[in-house]
Structure formats: structure tokens, C-alpha cells
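Peer 1: Could you build all of it, start to finish, from the sequences and the hints given here?
The sequence shown begins at -18 in the numbering used here and counts up by one.
Note that these hints are calculated values from the structure, not bench results.
Each hint can be trusted.
Below, in silico cross-link-like pairs of lysine to aspartate or glutamate (DMTMM-like), each with a Cα-Cα straight-line distance of 25 Å or less:
| no. | residue 1 | residue 2 |
| --- | --- | --- |
| 1 | 246 | 235 |
| 2 | 155 | 82 |
| 3 | 262 | 236 |
With beta-carbon atoms standing in for the labels, derived distance ranges:
| no. | residue 1 | residue 2 | range |
| --- | --- | --- | --- |
| 4 | 238 | 181 | 18 to 28 Å |
| 5 | 192 | 38 | 32 to 42 Å |
| 6 | 113 | 135 | 35 to 45 Å |
| 7 | 272 | 147 | 30 to 40 Å |
C-beta: ideal position from N, C-alpha, C; glycine also.
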Amino acid sequence: MKNLMKSILIAFCVLLSASLLFAGGMAAIASADDGSNLVAKTAAPKMPLAGCQGYAVVPIGNEISAGAYSARLADISTATGATNTHLAIVDILDQNGAVIDKVQIAPGESYVFSGAAGNARISICQIAPGITMNAKWAKMRIGMVTAQPSNPCAGYSTLDIGSAMAVGGIASVKLSDIGIATGQNNVHTAIIDVLDSNDAVVAQKQLAPGESKVVQVGNQNIRIYACQTAPGMNMNAKWAKIKAVPITSDPATEECAKVPFAVTKRGIISIGGILDNGQYKVRLADISVENDASKKHAAIVDILDANEAVLDSAVIDPGTAYTYTDASGLPLNIYNCQTAPGFTLNAKWADLRLGS
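Peer 2: Structure (C-alpha cells):
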């Protein structure tokens, strides 16, 4: 009987020890994942940019005001520049709701506007480049300031798609489109039509921000400058800041200074257009999407005979040549000077040179 009681006591002690070990383990687990850790796991993520307190979340089409001015978020741009940054495209309005300036501002930057009612600073803290309209917004702030305006494009006119500006009574410059991002730095070019006094298109150019080109109109030249382009997703947020002035000293800009053959025909053709050198015809079928390697938009062309039957097709990067040779050995050289990768068909074109 004594041995039996001893055995029962030993068994009870073993069970008690196991229970205590189990309880300790659970306590350790609870300690490792207590309420503070649970809160950390479920808390809202921190904002990627510090200091957005005091900024308003402004959806597309909405505005904030200070003094006599309002800042309306027109759009969020497509990714642009070497850093693939999305910009806030902002309309600045007067007290009557009229647009008096258009700007684009990167996250963490600000713009000081100067007008009759004083100076206003518009600051952007954060941008949401969502796919749906409800998910496109910017954290914005506007306030009246005494600081000097920060306008690198002073003296430039803001041209919307399809709008034009007169140049010295001899020509006008019309913004045809804003180009799709191209090149290593994802540049959005201003695609320009130059019209004579009869509104006939005499030249087509594309200019990157900060670039200028000279165009001959009749017996006079004009220089066109591009300061800034806004690559918005909607038409109201596609614009360029352009300046154009008559000049007398500089020659017209030559887009193709290094063509590796004798040129017999040259021209700018839009989608479906044909360049004919008398032996062959070259039709522009399309402008390609960006080439992964060169980061350029190529001209996709069809080579036609006199009856416009397709003999060959080619994809030609800007700054490169392609040679077609028929069965008789007659060659056709095609050099692509530049392509305009516009969104609209009228703003998709290629500047080609033909030679044999």
C-alpha cells in the first residue's frame, strides 16, 4: 500500500511538472506576441514621405484655395524622366475660376505663382498614380507667400493640344500632340506643326523640354523653344510651354546631318502616307512601341513597287538605315531621321530620306 501511494505521488509530480512547463511555454509565446506586436502587424503603413500633415488629399478635378487663387488637380502624369516620376499637373485659377497658369510639380516640390492678387505657393507632398480615377490624387497645399515666383518658363505660352500661337505675322506654331515617352530618360516631346500665313503646314518638328529648333517659313526663319511638356492622361492635361521668335542669323535646323548615302527624296509622312522616289514607294505602316534596347520608337515601313504591291517590310530605328535590293540588283536605301510617337494618328510621323 505504501509503495502504491508512492507511485501515485510520483506520477502526480510528473504531471504537475509537465503542466507547469506547458504553461510557461504558452506564457513565453504570449510574451513574444503580446498586444503591442499585434498592433504593429495591423497598424496602417507609414506614409513614404514625411511631413504631409496639413496637406489636403485632392482627387482629379478638385481644387484647394488661398486668397484669390485656387489650385485644381487636372491630372497625374504618366511616368516621366530618368526616375520615372509621376507629376501633379495643376491648373491655377483666379477668383472667377478662369485658368491663368498651368504647371506640373513633382512630389516634394513646390511652385510659386505671381499674379495681380499676390504670390501663392503650391506644394505637393505625395501622388497616387492609380489606374482608376478614384485612385488618382495628390496631397496638396496652397498658401499666400511673399517669396519670389519660381517660373523657369517665364515668357513662354502654354499651348493645349490643337491650339496655336502667331509668330511675327508670318507663321503660327500649333501643338499637335505630346509624344509617348522615349529615350533613356523617358522624354515626352512637344510635337509641333508650323503653318504659313495661309494655315498650310510647312514643317513638322518635335522638341524635348529645353530644346530649340529653327524652321524656315518662306524667306524667313523662326526659332521655336520648348520649356516644358505635360504628359497627362486626359486631353485637358496635355500641354506644352512654347516660345517662337523670328530670327535672321541662324539657318534652319537639319534633322539629318549624317545620312550615309546620296539623298534623292526626303519627306515627313504620317501613318499610311507614301514617299515616292520614282522607282520605289515607301509607306509608313506605323510607329512602333518603345524598343526595349534602344528606348526609341521605330518607323515600320512597307516597300512598294509602282503598282503599290508590297515587296518588303522593315522596322527602322531613328538614326539608322535599311537597304532593300530587288532581284535585278536595284537598291533602295531608307534612312530614318526621326519619328514622332504621338498618341493621335496625325501626330505619328516619320522623317525619312531615300536614296539609291
